[in-house]
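Chains A and B, in that order, give the protein sequences. Position 17 (the first sequence) corresponds to 17 in UniProt numbering; numbering is contiguous. Position 10 (the second sequence) corresponds to 10 in UniProt numbering; numbering is contiguous.
There may be inaccurate statements among the hints.
Below, in silico cross-link-like pairs of lysine to any residue (SDA-like), each with a Cα-Cα straight-line distance of 25 angstroms or less [claimed, not checked]:
{"id": "1", "chain 1": "A", "residue 1": "136", "chain 2": "B", "residue 2": "146"}
{"id": "2", "chain 1": "B", "residue 1": "66", "chain 2": "A", "residue 2": "109"}
{"id": "3", "chain 1": "A", "residue 1": "146", "chain 2": "B", "residue 2": "123"}
{"id": "4", "chain 1": "B", "residue 1": "146", "chain 2": "A", "residue 2": "118"}
{"id": "5", "chain 1": "A", "residue 1": "22", "chain 2": "B", "residue 2": "146"}
{"id": "6", "chain 1": "A", "residue 1": "136", "chain 2": "B", "residue 2": "103"}
{"id": "7", "chain 1": "A", "residue 1": "147", "chain 2": "A", "residue 2": "72"}
{"id": "8", "chain 1": "A", "residue 1": "136", "chain 2": "B", "residue 2": "113"}
Just so you know, the hints here were simulated from the structure itself, not pulled from any lab data. Since this is a predicted model, take the numbers as computed values, not measurements.
2 protein chains.
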Amino acid sequence: MKLDFSVAVHSLFYLEANSPRKIASRELAASLDLNAVVIRNILSVLHKRGYIEGTVGKNGGYQLKKALADINVGELYDVTIPPTLSYARFITGRSEGINKTDQISSNMSETLTDLFTLADDQYRAFYHRFTLADLKQDLYHHGYFKKLVKINDK
Amino acid sequence: MKLDFSVAVHSLFYLEANSPRKIASRELAASLDLNAVVIRNILSVLHKRGYIEGTVGKNGGYQLKKALADINVGELYDVTIPPTLSYARFITGRSEGINKTDQISSNMSETLTDLFTLADDQYRAFYHRFTLADLKQDLYHHGYFKKLVKINDK
């Protein structure tokens with residue numbers, strides 16, 4: 001789900017802000033204004049990937065396992081937003097040209113799939129340039145992130 | 001519509017391959033295996049932007065107005081795929097924090113909107129690096145485009 005990345009970032013910030021208190025998924029759900037099931041699914045992924053530690057049940061709750069500076073935004077994006085394998089739906093042309101001489105229709109799909117895949121690589125590479133510590137700066141001093149990108153791209 | 005970019009690229013290649021013959025939207029619709037109305041809407045945009053010239057009606061049809069090498073892929077992408085203003089839907093947190101001390105929820109939306117907007121800029125910048133002449137090379141010699149990107153990024 002496209003919201004998963006935002007939920008993951010939000011949850012990690014919340015755990016960090018309340019550290020070292022253990023946070024239950026219920027409390028996170030209230031803060032994010034989302035259904036607890038959605039939160040639990042994403043916490044489960046974050047737990048499996050070693051971003052957080054904790055237990056479910058009574059007296060349970062989660063804590064951040066890594067420093068924000070050690071959490072790469074791109075890795076988090078890759079974990080929560082799977083590669084768009086649905087490009088195919090946005091591509092014209094048949095895989096088998098009915099008219100043999102219509103090479104455009106036959107090859108369009110392969111060419112555009114390569115174009116979209118390479119563009120997506122670049123898109124993800126952008127996220128990989130930052131850590132959650134960068135985003136946290138922006139959370140408390142909005143505008144920081146835009147400036148950071150400008151400086152980096154100079 | 002997400003398909004619009006693919007339809008535009010496909011149409012321009014088709015006009016070029018059949019140049020200088022005038023191509024009716026009907027014929028394009030058959031080649032792209034799409035409804036003629038979809039095709040006409042996109043041809044209308046391409047016409048307005050000066051990519052193609054032509055007339056509708058009897059003996060009407062379209063011709064390419066620019067060389068493929070003068071058609072930037074990124075410009076075509078920008079014309080056919082509007083900036084994703086729907087980021088907001090994928091962002092957690094309220095614009096007004098109910099709990100005043102919950103700065104994460106209050107600021108999450110602004111911070112992630114900046115992150116997504118800057119990432120989209122980079123995504124679009126990638127497309128701007130190429131012309132339709134590059135894509136045409138790949139259409140007839142698949143693999144060309146992947147190699148081109150590798151060489152450029154070295």
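task: Taking the numbered hints from earlier one at a time, note which ones the structure violates and give those numbers from smallest to largest.
output: Of the numbered hints, 1, 5 do not hold.
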